[in-house]
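Student: Here is how the chains run, residue by residue.
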Amino acid sequence: MALSGIQIYKMLPRTNCKECGFPTCLAFAMKLAAKQVELSACPHVSDESKVQLAESSAPPIRLVSIQADGQEVEAGNETVLFRHEKTFYNMPGLFVRVRSSSNLEEIKGTVSRADSYSVNYVGMDLSVDGFAVEADNEEKFNETVKAVRENTKRPLILIGNQSALESALENLDGEKPLIYAANNDNWESMADIAKKYDVSLVVAGESLDELADLTEKLKGKGCEDLVLDLGSEKMGINLAKSTQVRRLAIKKNFRALGFPTIFFAQGDNGFDVVKAVHAISKYSGFIVLDRFEPELFYALLVLRQNIYTDPQKPIQVQPGIYEINSPKPDSPVLVTTNFSITYFSVANEVEGSGLPAWLLVTDAEGMSVLTAWAAGKFDSERIAKSVKEFGLADKVSTKKIVLPGHVAVLSGEVEEELPDWEVKVGPREAVDISSYMKQAL
Amino acid sequence: MPIEIPVDKWPGSVKEVVIGATEAEGGTRSKSVKVGGESTLPFLHFEAPTPNKPVIALEIKDHKPEDWSPLLEEAWGSSTMEDPGIWAVEAEKAGADIIVLALSLNDKDGVQLTPEKAVSSVKNVLDTCKLPLIVFGPGQVDIDNELLVPISEATKGERLVLGICEDKNYRTIVATAMANGHLVTSRTPMDVNLSKQLNILITDMGMPLDRILMDPTTGALGYGIEYGYSVMERLRLAALQGDSMTQLPMIVTPGFEAWKTKEAKVGEGVPEGWGDWKERSINWETITAVSLIETGADIVVLRHPESVKRVKFAIEELLVA
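Chains as they are written, first to last, in the working numbering: chain Y, 101 to 541; chain X, -16 to 304.
It is possible that some hints are incorrect.
Using 30 angstroms as the maximum straight-line C-alpha spacing, the simulated BS3-like pairs for lysine-lysine come out as follows [said to hold, decoys possible]:
no.: 1; chain 1: Y; residue 1: LYS186; chain 2: X; residue 2: LYS47
no.: 2; chain 1: Y; residue 1: LYS538; chain 2: X; residue 2: LYS(-8)
no.: 3; chain 1: X; residue 1: LYS243; chain 2: Y; residue 2: LYS321
no.: 4; chain 1: X; residue 1: LYS139; chain 2: Y; residue 2: LYS351
no.: 5; chain 1: X; residue 1: LYS151; chain 2: Y; residue 2: LYS477
no.: 6; chain 1: X; residue 1: LYS243; chain 2: Y; residue 2: LYS413
From the derived model, a few chain X residues whose C-beta atoms are all more than 12 angstroms from chain Y [what the hints assert, rightly or not]:
no.: 7; residue: PRO(-15)
no.: 8; residue: TRP(-7)
no.: 9; residue: PRO(-6)
no.: 10; residue: GLY20
no.: 11; residue: PRO25
no.: 12; residue: HIS28
no.: 13; residue: LYS44
no.: 14; residue: PRO98
no.: 15; residue: ASN107
no.: 16; residue: TYR153
no.: 17; residue: ASN163
no.: 18; residue: LYS179
no.: 19; residue: LYS248
no.: 20; residue: GLY256
no.: 21; residue: ILE270
Keep in mind the hints are simulated off the structure, nothing from the lab.
We treat Cβ as the ideally placed atom computed from N, Cα and C, and that holds for glycine.
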């Protein structure tokens, strides 16, 4: 049974030494109860308490990380089944698979293109997490891994039999790839390799029963950093298994399946996207795709960002002045708030109008126009303050400012705050901005 | 190691809703489409069967819209888009289970669409294509009512879905749908309680629950999909827990949402990292639709024929137990 924060607190030293990084033992205990930290962060806990707390302190889904060159991709540590219950924590890593049977120059090209890929979304730079290298031609595996390593420093997943994996691992000093995969037949030797090179290991099995048996045996051999392959054949079957594994871990604290999962999004172009969508929505920890294309990764990286956004902390954009369609001093100023979706809806429509404008994004603590207005975070004072703070008067000669239609009531007050500005009221919905700009500005 | 799989048993289930009426049922459709009926979360076959699979609707207009992406025009062809009767037939060929006819504010001459023209567009579609039909007004209160009432009367017994009911305008649409044997769709802006509230208002008028679809609204991928995603998940959980005013099949419009994003609309002058325009647009629509199907959508309304193929593939895969 999971222990409450208070029960855990009683087993801690209660010295408030702060060495765990939390201000008090009670705060640390609460984090332990929420399974968001590991007990090992406390250097002073007694051995007796350690044993008692072992069960309660470990997160229900183990955090597994793949590392190389200071970069790491983490999966696990999840605490809920639905994002609205709290949030999903560790976004699934997106990996591109290359095969040693392919032409080496092609592999180099794919890897270097994918490695240098970066795309901006809501002010964040998103990129590919790493590469999976498969030894489908064992003889060429080492030179393939070498070629991949020459073109990327990102973390790797290695797929092959024991001898292929061992020879590749010999040359990958100082990093921690994920190796694929232990099964009923090879688990002992795979465990030896994982131990020898201190890497994490995928476990593959037909059923959850079989997987649980395997993870117990592997743990018996000292392998703790495990990843489950639940099969990627049909989405419906994977959904059942993923849901069951997540439920067992979170609701029953069932340790034998308390590991992140890996999913292979295979299929003809376009259908692989669909499979990756499933894996992102439904609990996968590492996702491997068979091709790299910008239009594919951009869309999947955005989906991942959206699903893993903390519902209690909406994404905000930086308050400031945004220039749309190269505005000039006589272009109008449009005002909105810094809630990312509000900003993007407005910016998108203004941009779509083809007309130049200055977009003044005020700090409304990440709320939409109506919510912020109701909460007193979007009023004439704040708007006037932003106009001054961001030096708008120096940028424009025609002092024309447009308020969102939803806050038409503010126009009088804004006129008082900004006496030398012409204050106009725009449409209520972003979708009508384009026609408004064409007709009224 | 034999594992005891935790199985959730829910007290509630989603109502089954039948869209479209065959001749035997008083209409002229070649078949009707049944949605809803779920008694667990989407596709958890180990808990309960999925009685009716999610369906795909394709959105067409009464004439070629000016503000749609050129990629959609490329897919359907300009002349097809000028005639809703032909467009509907092409949509059926592309794999649609249901047609959504979304009426424009103005006709192709730029004059406000008259009730006569709207009725004739609807009849044109009903004549050429025998799939069940959903009709959306242009989205302005007075005009919606002006158009939907004569449409409803002229198609009595067809079991159309009329929309869109919103909190500021539902009475006229509900009344005419009730009088003429149609259904309605109720849309609220991404909020569980607002959905419930509108469903209560509509049922208070006497509309039975099995003649209402609810549209909780979604954002597109990158533009708030996570809000729609979680609201739908919470609505479905509420339905399973027994809250009757949430026990309605869900319809969402990923086509409409995805195709108004910059990612889908704009081909030039965008960041290099966005990649190929056409594939990106189809990805945008497909991903929006598939993730919402995973969270409980019963009907997704799409626009591009290639997205239909991919979303259909997702549904077939998810149905495998």
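Student: Please name the hints from earlier in the document that this structure breaks, with their numbers sorted from lowest to highest.
Tutor: Hints 1, 2, 3, 4, 7, 11, 12, 19, 20 and 21 are the ones this structure does not satisfy, whereas the remaining hints hold.
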